[in-house]
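Protein chains: 2
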Amino acid sequence: MTLQIPEPTAVLEAATRIKGLANHTPVHTSRTLNQQTGHQIYLKCENFQRVGAFKFRGAYNAVSQLSEAQKEAGVVTHSSGNHAQGLALAAKLLGVKATIVMPDNAPAIKKAATAGYGATIVTCPAIERENVCAQLIADHGYTLIHPYDNPNIIAGAGTAALELLQETGPLDLLFTPVGGGGLLSGTALAAAATQPDCRVIGVEPATANDAQRSWQTGEIVRLTVVPDTLADGLRTRFVGEHNLPIMRQYVSDMLTVTEEEIIATLQFLWTRLKLVVEPSAAVALAPAFTGKISQPGQRIGVILSGGNVDVSQIGQLFAS
Amino acid sequence: MTLQIPEPTAVLEAATRIKGLANHTPVHTSRTLNQQTGHQIYLKCENFQRVGAFKFRGAYNAVSQLSEAQKEAGVVTHSSGNHAQGLALAAKLLGVKATIVMPDNAPAIKKAATAGYGATIVTCPAIERENVCAQLIADHGYTLIHPYDNPNIIAGAGTAALELLQETGPLDLLFTPVGGGGLLSGTALAAAATQPDCRVIGVEPATANDAQRSWQTGEIVRLTVVPDTLADGLRTRFVGEHNLPIMRQYVSDMLTVTEEEIIATLQFLWTRLKLVVEPSAAVALAPAFTGKISQPGQRIGVILSGGNVDVSQIGQLFAS
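Protein sequence lines correspond, in order, to chains A and B. So in numbering that gives the first Met the number 0, the last one in the first sequence is 319, and the numbering has no gaps at all. So in numbering that gives the first Met the number 0, the last one in the second sequence is 319, and the numbering has no gaps at all.
Derived by calculation from the structure, the hints in this document are not laboratory data. Cβ atoms here follow ideal geometry from the backbone N, Cα and C, with glycine treated the same way. Treat the hints with care, as some may be off.
Over the 10 Å line for every Cβ pair with chain B, so calculated as not near, a few chain A residues [what the hints assert, rightly or not]:
| id | residue |
| --- | --- |
| 1 | Gln64 |
| 2 | Gln69 |
| 3 | Asp148 |
| 4 | Ala192 |
| 5 | Gln215 |
| 6 | Arg234 |
| 7 | Asp252 |
| 8 | Ala263 |
Some chain A residues close to chain B (C-beta under 10 Å, calculated; not the full set) [to be verified]:
| id | residue |
| --- | --- |
| 9 | Gln266 |
| 10 | Leu274 |
| 11 | Val276 |
| 12 | Gly306 |
| 13 | Leu316 |
Given the sequences, and given the hints that come with them, work out the whole structure.
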């Protein structure tokens, strides 16, 4: 099967599709952050996106392009995170039935949030998720909407960066977190379409550097265990087949950050910038925040991917 | 001594003074909040203001209007909260020496934040604060910048509401929290100047309803003990002499909310709207959030006063 890799212009088309449905999220800046880092930093606040994360953008872009027959049959995915909620809401808005396969040990609050958008939740042991999903597709003719390894998910995810680039004007560097590579490859396409001189950089937790290694070698590195990192949105074990070619062509660098750097950056975002963001969002800001950018005075964009967190757990991290 | 009560137009003049120095903070809305309440709610996010609270507005407006001799001598106040930081930053920007009297048991983090803006911190037992302040004024000729009982502090505080009213167009109701009455009276002046049909409403914790009683009777009610409420910014024992006449003339109603209502509203603001706000900010949203507005379909503004909180403490409140 030949992979259908989206062109940079696919992000522009996605932006037209989601207009008025996804939130045009605000861009925050901070005198303190700029002073501390010596850069001019623009934070794209996808924590203020619908369902609390950028995931709604791709989900809506993907579901809206299904055929009438596919819409009639319904969609399915396996996720316990932001993609589940994004897909549930997108499907609801488009009048499409959504079924979400979740591990039976997923937090009750995540099941409730996803069910709250009208999706049907099917639970099973975590290791059975893909099989259960495949069986549902075989039985009911559902269309799988993969969380990241899907051209329309990628193009939709890129609309966050597109809005940022259009609002800030020329940027030198643009950082995103990397899990499966949906946000990163979409962001890279957005920059390629509108600001090809802007260097797009992916950031991973050091404990989950499969994407960095895949990008370096050109072969998808598959971790055998779920990586241990606070950034729960980035515990993906491998990037997608649609994602890696885009990353190889358009991404300028891949960096890693330590758990301590993630926590320090997260604490700054919460306590000084007053933003409820998830650890994955802090990953993207961490290189600039911790002084890892060698060239001074850069104009830097950062995609703060989302804000779905357990506030009581975050509070414990910051307890002195 | 005749009180100098500011006119509504004083807020317009203050807005000119702080332009480009205070942040023009964003207004957030939420489909979920509107759906749940049946109203159209506009949240003025002063948690994104400089120093993390609306207090910078009044402080800058007040210090900038001092005579050259007063600026030369310096300013003083007693506060361990947001006003301390607001005054410290305003004085620094205007090249004025600021001295802040704090109780010796004030959290180290608050002392450090205030000192970080270049202010001199003087500590003493909490009960001695006013005396120590008076002595500093006698010894050094400092000008007292009272946290709320000051016409320029009031007019400056009103600029948050002014920006909100200019951005949203006609509002039916506009809510603020009430401690000493600075934000409420400034907000009432802003509405009087630009939207006299908008009903301005102050909200207090039920345990600290001195302002409601003062507004009802026309006499300043002075609590004998510091009220017990999570909303630490509203533990003020009495409203100011400049504030009450404005409240009596321009404020339409005064409401109270319970501690449980404050926590429920706060949790919604953090977990659903992804805003790090302080409990005092939740007080202002609580009547609308908990269904206390009898008339349906209102256009409602709420001033979210600030976001200076101990994240680890808030996390504990939300622990299930």
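(message) Take the shortest C-beta to C-beta distance between A:Gln266 and chain B; is it under 10 Å?
(response) With Cβ-Cβ at 8 Å, under 10 Å, it holds.
(request) Hey, is A:Gln69 genuinely clear of chain B, shortest beta carbon separation above 10 Å? (result) The claim stands: A:Gln69 keeps its Cβ more than 10 Å from every Cβ of chain B (closest is about 27 Å).
(message) If we take the beta carbon of A:Ala192, is the closest beta carbon in chain B still more than 10 Å away?
(response) 27 Å, holds
(request) Could you check if A:Val276 really has its C-beta closer than 10 Å to a C-beta on chain B? (result) OK, holds: A:Val276 within 10 Å of chain B, min 7 Å.
(request) Answer holds if the nearest beta-carbon of chain B is closer than 10 Å to that of A:Gly306; otherwise answer violated. (result) 4 Å, holds
(message) Please check whether the beta-carbon of A:Asp148 is more than 10 Å away from every beta-carbon in chain B.
(response) The assertion about A:Asp148 holds, with a minimum of 28 Å to chain B.
(request) Grab the minimum beta-carbon distance between A:Gln64 and chain B and tell me whether it stays above 10 Å. (result) 24 Å, holds
(request) Classify the label on A:Arg234 as holds or violated, using whether its beta-carbon is more than 10 Å from each beta-carbon of chain B. (result) Given a closest Cβ separation of 21 Å, the condition holds.
(request) Report holds if the minimum CB distance from A:Ala263 to chain B is greater than 10 Å, and violated otherwise. (result) 14 Å, holds
(message) Restraint: A:Leu316 near chain B, CB-CB cut 10 Å. Satisfied or not?
(response) Since the shortest Cβ distance to chain B is 8 Å, the answer is holds.
(message) Restraint: A:Leu274 near chain B, CB-CB cut 10 Å. Satisfied or not?
(response) 7 Å, holds
(request) Test the statement that A:Gln215 is away from the interface with chain B: the closest C-beta pair must be farther apart than 10 Å. (result) 35 Å, holds
Going down the numbered hints, you'll see the structure goes against none, and every one checks out.
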